[in-house]
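Full structure from sequences and hints, please.
The listed protein sequences correspond, in order, to chains A and B.
The first sequence begins at 0 in numbering that gives the first Met the number 0 and counts up one residue at a time.
The second sequence begins at 0 in numbering that gives the first Met the number 0 and counts up one residue at a time.
Just to be clear, a hint being listed does not mean it is correct.
[To be verified] Derived EDC-like pairs (lysine to aspartate or glutamate); straight-line CA-CA distance at most 20 Å:
1) 183(B) with 204(B)
2) 182(B) with 205(B)
3) 221(B) with 241(B)
4) 282(B) with 218(B)
5) 62(A) with 153(B)
6) 466(B) with 126(A)
7) 182(B) with 204(B)
8) 375(B) with 364(B)
9) 463(B) with 203(A)
None of these hints come from the bench; they were simulated from the model.
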Amino acid sequence: MTTIAQTNDLTKRRHILRRMLPARGPSNIVLGIIAVVWLVPTVSLLVISLRPEAAFGVSGWWKALLDPSSLTFSNYRTLFGQGFVAGGLLDSLMTSIEITVPATLGVVLFSCFAGHSLVFGRWRGRDVVFLTVVALMVVPLQVALIPVVQLYRELGTLFGLNPFGTIPGVIIFHIAFGLPFGIFLMRNFMSGIPKDLLEAARMEGAGEWKVFYRIVLPLALPALASLAIFQFIWVWNDLLVALVFLGGNVHTPLTVFLYDQNHELQANYWIISTGAIVSVVVPLIVFFSFQRYFVRGVLAGAVK
Amino acid sequence: MSGSTINVKTRTSRRRPWIREHAVSLAFLTPAAIWLLFIVIYPTIDTIRLSLFNESATKFLGLTNYKTVFSTDTILTAFRNNVIWVLIFPFFVTFLGLVFAVLTERIRWATAFKALVVMPIVFSTTASALVWATIFDNSPQIGAVNAAVLTVSDWFNPPGAYPVSAAAGQTVADLVGSNAHAKKNNTIVSTSSARAGGTINIGLEDITPATLTLLKAQDAVKPQPMSGAITGVIWRAFSPSDPTNKTDVLPGELGLPLLHLSLVNSQGASVATTTTTTSGQYKFSNVGAGSYFVELGSSNFGSGFTGISWLGGGSITPVSGLGQTAQALLSVPLADMAMIITYLWIWAGFAMVLIGAGLASLNREVLEAARIDGAKEWQVFRRVTVPMLAPVLAVVLVTMIINVLKVFDIVLNMASGASVNATPTLAVEIYNDGFTGGIHSGVSSAIAVILFLLVLPAMIMNLKRIKGV
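Shown next as structure tokens:
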């Protein structure tokens, strides 16, 4: 009896094991291969940027993996050594920051305001406004480019302040097209905040502004982080808006810097690869520091 | 949201004036409202107006710009490319996302894998495009893909020691210096013939010093005639001191090593083969009666594989029999494929995250029940998991369709040379028509309006979904 029970137990266990093992073994191998494939482009970019200028085109970057001592920081030293000359790498890095930080702050701030108003306000038509915002989420920004350029020019003739060709011009545009997603995200998140909390504060005589920054803002912090990361990465990586609105400006963000380098008659790949690494380092730091919020933002943006 | 609770609360908070409360709340909305009105809503409407005017927006044209859109070759190409993108990309990225999401459920290092695959989303498309442009580069010394293809193809079709670069317009005939002529099958045959005990020397030119360095060529030496054998030297007939003399072996001229030679009789049949030494000498021993020629086989000059031009103007064109226009519209540029692969690398992580979240929220009991009922793992996946995931898969598909309709950065940065004309998308045409060489609004606006109409169904779907929530 005992032996039969034992064998039964064993076969059962084997059965369970068999169901798990054949699936796990191949999964590990398949995903291992995929992981390597996914890593190759990034590694290649890094290796090319660390190889001497003359090595490009003479032998493949993978040759350098066999001879790591041939790697050098000379490309970085050369480009950073130029300092903040207009059109240089450092200047572009600064321009990227100058555009991205205000554009992110603007969207986060205005989205929080608007979300607060849409969730905790009691005026009529909030639903209509919210649905409009949802509708605007998919509007391709290409649709707005030319009229905004003309609007900027009119501002120039009316007030002598033409944002076209300037960094504020780019920032203003980015804020506008970041808002629909921002408002959508904040509004959805804030709807989860218990209204009783606000009521209690109001009862104690707190004004709307105080309610906002004392209660709503701290509670909305996770969504705010998701939004900030999204907007930051989105603006940092934009090429089109900068190309259109900075046309002719000597200070360009990193994406335009890379684009220009690539479209020069003799594309210098040592500059392109080094510039590309510099351009991806910042969003990578942001991504790895706030990965959780990033994923949350992805989910909130599409599934909800 | 239940109306009654709101009413109760409204009543309790009626301590402060009604108007003021709304004014403050509306003030919170004001910055966003101004921005959206002036930079999104008004411009969108104005674009519709501009699309009916000429390029400087001074003259009303009616629908002329739209006619131009549908009769301009590059814009039609752009439509074709958008169709290719929309048909191929969303499907594949959703498939990859599904596979990744399912497989990561079974491994211990799922977090690391996910981080790795999601990473490219935070890179700028510009940077990603430039990286992949090198991966797909023609030269096997730059492009990893072609280097891999080259390694494999060299097993089957090894290049010769003296590759002739067809790409540079070089032919085998260009190599002939003296005492030889090239034949149509890319062989070189000596002009003079010899009997046993004779010599045949052939001078070649147009061979790079780099090739000779690689082959460790030494100074050419004329061999002595040997009885019963045919001997000679094949050398590079170029001397800086006497460049026009191609018939004599001059001091300092190098022999050509590793050439595969055949001894050919007067009927053209090969009777013996040999290979030249480092100083270019050869020897056919025990030659029979009759006169013979020396032939340099075409394998000496084969260039082997020279790389697939992924980002060139090449395309996969459908079978002939169609009209030229139809063929042009139905062909898929190779560069589009390269760009789509790049885009998959960027976006698969996004699909994986969304689908993974969908998987995590599935009712495990249903899956377990199916397994207990004896369903195989694959059946569970096909019949239970995928149908239950359908709403998430639809979201991924729609999001990716919208994304791909607007595809821009990748095309602008990866297309080069011939592929610039083959790969434009609508977004690229909006930019090219509207913003290169000054600002021209008419046609560009018309394309923008069409692009807007294309995303409209997605907008309506979103609205319906949100309203339903």
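Hints, verified against the model:
Restraint check: the Cα-Cα separation between residue 183(B) and residue 204(B) comes to about 19 Å, which is no more than 20 Å; the hinted pair holds. A hinted pair counts as satisfied when its Cα atoms are at most 20 Å apart, and residue 182(B) with residue 205(B) qualifies at roughly 17 Å. As the CA atoms of residue 221(B) and residue 241(B) are separated by approximately 18 Å, the hinted pair is consistent with the 20 Å bound. For the suggested pair residue 282(B) and residue 218(B), the alpha carbons sit about 17 Å apart, so the restraint of at most 20 Å is met.
About 18 Å separates the Cα atoms of residue 62(A) and residue 153(B), which keeps this hinted pair within 20 Å; it holds. Between the alpha carbons of residue 466(B) and residue 126(A) the distance comes to roughly 9 Å, so the proposed pair stays at or under 20 Å and holds. Between residue 182(B) and residue 204(B) the alpha-carbon distance is near 16 Å, which keeps this suggested pair within the 20 Å criterion. For the hint linking residue 375(B) to residue 364(B), the alpha-carbon distance of about 16 Å falls within 20 Å, and the restraint holds.
As the CA atoms of residue 463(B) and residue 203(A) are separated by approximately 40 Å, the hinted pair breaks the 20 Å bound.
The structure shown violates just one earlier hint, number 9.
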